[in-house]
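Can you build the whole structure from these sequences, using the hints too?
Last residue of the sequence shown: number 170 in our numbering, and the count goes up by one each step with no gaps.
Keep in mind the hints are simulated off the structure, nothing from the lab.
By construction, the Cβ of each residue, glycine as well, lies at the ideal position given by its N, Cα and C atoms.
It is possible that some hints are incorrect.
Just the calculated beta-carbon pair ranges, DEER-fashion [as the list claims (entries may be wrong)]:
no.	residue 1	residue 2	range
1	Met104	Gly38	29 to 39 Å
2	Glu129	Gly23	30 to 40 Å
3	Ser46	Glu83	16 to 26 Å
4	Ala24	Pro64	15 to 25 Å
5	Leu164	Val72	14 to 24 Å
6	Ala165	Trp35	30 to 40 Å
7	Arg135	Gln110	24 to 34 Å
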Amino acid sequence: MLASLYGRTGRATLGDFVLYRPGAGADGALDVNAWMRGQGQAPFASCVLFGQVANLEYYYGVAPGLADAHGVQPVLYVDVQEELLVVPVASSVEALFRQLAGFMDLLPEQPDFVPGRCSTVMFPFAAAELIAQDRPLVDMMRAGRFDRLVTRDEESQRWMQQVLAASPGR
1 MLASLYGRTG RATLGDFVLY RPGAGADGAL DVNAWMRGQG QAPFASCVLF GQVANLEYYY
61 GVAPGLADAH GVQPVLYVDV QEELLVVPVA SSVEALFRQL AGFMDLLPEQ PDFVPGRCST
121 VMFPFAAAEL IAQDRPLVDM MRAGRFDRLV TRDEESQRWM QQVLAASPGR
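Set out below in structure tokens:
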């Protein structure tokens with residue numbers, strides 16, 4: 001999915017999500033990943049960043065080491081704005097885009113929503129129920145596949161429990 005998207009768009013902005021350019025250079029995925037890995041902070045050695053929230057240090061990356069038999073890689077949300085926070089958000093890039101679209105559909109229902117302005121309601125933390133519908137992701141969470149990548153802070157752990165509690169057939 002990601003390769004196909006890169007082939008069609010190169011670089012794209014979808015709402016406040018910015019997809020990096022393929023290759024090197026300004027906003028290029030290669031340079032962004034090299035710079036982040038150079039910072040020596042986990043999980044950057046274990047994931048490949050492909051986008052971020054515009055103008056913020058909220059990143060999205062795939063985890064190649066967790067790919068399934070078909071090569072499909074789950075997506076991590078990495079927040080380095082203040083303190084490192086890492087949580088799984090989708091079983092694939094395609095699932096992430098479905099979730100982001102579903103989340104944007106929910107925003108007009110939020111009390112602070114004003115069209116064209118930022119909301120205080122943030123993905124993924126306000127979308128635990130939506131993310132819980134991603135059955136392959138929930139199965140991976142339950143199996144402990146993300147344990148070495150997810151941060152152990154209270155917010156991350158609480159959110160993980162919310163996703164698991166909201167999943168169908170729990």
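Status of each hint after checking the structure:
As the Cβ distance of Met104 to Gly38 is approximately 33 Å, the hint placing it in 29 to 39 Å holds. The given range of 30 to 40 Å is respected by Glu129 and Gly23, whose C-beta atoms sit roughly 37 Å from each other. In this structure the supplied range 16 to 26 Å holds for Ser46 paired with Glu83, their Cβ-Cβ distance being about 18 Å. A hinted range of 15 to 25 Å for the beta carbons of Ala24 and Pro64 is consistent with their spacing of about 19 Å.
Leu164 and Val72 have their C-beta atoms about 21 Å apart, which keeps the hinted 14 to 24 Å range intact. Checked against the given bound of 30 to 40 Å, the beta carbons of Ala165 and Trp35, roughly 37 Å apart, stay inside it. The given range of 24 to 34 Å is respected by Arg135 and Gln110, whose C-beta atoms sit roughly 26 Å from each other.
No hint from the list above goes unmet by this structure.
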